[in-house]
Structure formats: structure tokens, C-alpha cells
Amino acid sequence: MARIRQDDIDAVKERTDIVQLVGNYLSLKKTGHDSLSGLCPFHHEKTASFS
45 MARIRQDDID AVKERTDIVQ LVGNYLSLKK TGHDSLSGLC PFHHEKTASF S
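In our numbering, the protein residues as written are 45 to 95.
If you are wondering where the hints come from, they were derived from the structure by calculation, not from laboratory data. Heads up, some of the hints might be wrong.
Stated by the list, open to error - Subject to a maximum C-alpha distance of 27 Å in a straight line, what follows is the list of computed DSSO-like cross-link-like pairs (lysine-lysine):
1. K90 with K74
2. K74 with K57
3. K57 with K73
4. K90 with K73
Stated by the list, open to error - Distance ranges between label pairs, derived from CB positions:
5. M45 with H87: 15 to 21 Å
6. G76 with A46: 35 to 41 Å
7. V56 with P85: 34 to 40 Å
8. H77 with A55: 24 to 30 Å
9. P85 with M45: 35 to 41 Å
10. Y69 with K90: 28 to 34 Å
11. D61 with E89: 23 to 29 Å
12. S93 with T60: 32 to 38 Å
13. F86 with E58: 22 to 28 Å
14. T91 with D52: 19 to 25 Å
15. V66 with M45: 23 to 29 Å
16. A46 with K74: 37 to 43 Å
17. I53 with K73: 27 to 33 Å
Predicted model, so just to flag it, every value in this text is computed and none were measured. Beta carbons are placed, not taken as given, at the ideal position from N, Cα and C, and that holds for glycine.
Let's have the full structure, built from the sequences with the hints guiding it.
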């Protein structure tokens with residue numbers, strides 16, 4: 045199986061707003077000056093652990 049080149053990974057990271065992407069699927073709350081958190085999409089929880 046071929047690996048994804050680091051240059052390609054870096055290009056995607058440069059072009060992607062991760063907050064906007066994750067925010068399309070999760071409700072994010074500001075938890076600090078520049079921190080966000082949300083409920084983990086992989087298991088049921090009441091306290092946000094996805095940060």
C-alpha cells in the first residue's frame with residue numbers, strides 16, 4: 045500500500061480550516077483564549093472531551 049506523501053499532507057493542512065470542518069459535524073464551545081471543545085463523536089458522553 046502506498047503512503048501519502050508528506051508534501052500532500054502539508055498541502056491539505058494548509059488549505060483546510062479544521063475548526064470549520066469539525067464545526068460542520070460537532071457543536072464546538074470556546075473553552076479558553078484559543079481553545080475549543082466538543083462532545084466526542086465516537087462515544088456517548090455528557091462532558092466534552094474532544095478538544
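How does the Cβ-Cβ distance of P85 and M45 compare with 35 to 41 Å: does it lie in that range? About 26 Å separates the Cβ atoms of P85 and M45, which means 35 to 41 Å is violated.
Sort out whether K57 lies within 27 Å of K74, counting only the CA atoms. Since the Cα atoms of K74 and K57 sit roughly 22 Å apart, the hinted pair holds (cutoff 27 Å).
Could you see if the CB distance from D61 to E89 stays within 23 to 29 Å? For E89 against D61, whose Cβ atoms are near 25 Å apart, the range 23 to 29 Å holds.
Does the Cβ distance between G76 and A46 fall inside 35 to 41 Å? Roughly 39 Å apart at Cβ, these two residues keep to the hinted range, so it holds.
Given hint K74 paired with K90 - CA-CA distance at most 27 Å: Given pair K90, K74 holds - Cα atoms ~16 Å apart, limit 27 Å.
Could you say whether the range 28 to 34 Å given as a hint is met by the Cβ separation of Y69 and K90? For K90 against Y69, whose Cβ atoms are near 19 Å apart, the range 28 to 34 Å is violated.
Within 15 to 21 Å or not, the Cβ separation of M45 and H87? Roughly 29 Å apart at Cβ, these two residues miss the hinted range, so it is violated.
Taking the Cβ atom of T91 and the Cβ atom of D52, is their distance within the range 19 to 25 Å? violated, 36 Å
Holds or violated: 27 to 33 Å for the Cβ distance of I53 and K73? holds, 28 Å
Agreement of K90 and K73 with the hint, judged by alpha carbon distance not exceeding 27 Å: holds, 14 Å
Can you confirm whether the C-alpha distance between K57 and K73 stays at or below 27 Å? holds, 22 Å
Taking the Cβ atom of V56 and the Cβ atom of P85, is their distance within the range 34 to 40 Å? violated, 20 Å
Hint check: violations occur at hints 5, 7, 9, 10, 12 and 14; the rest are consistent with the structure.
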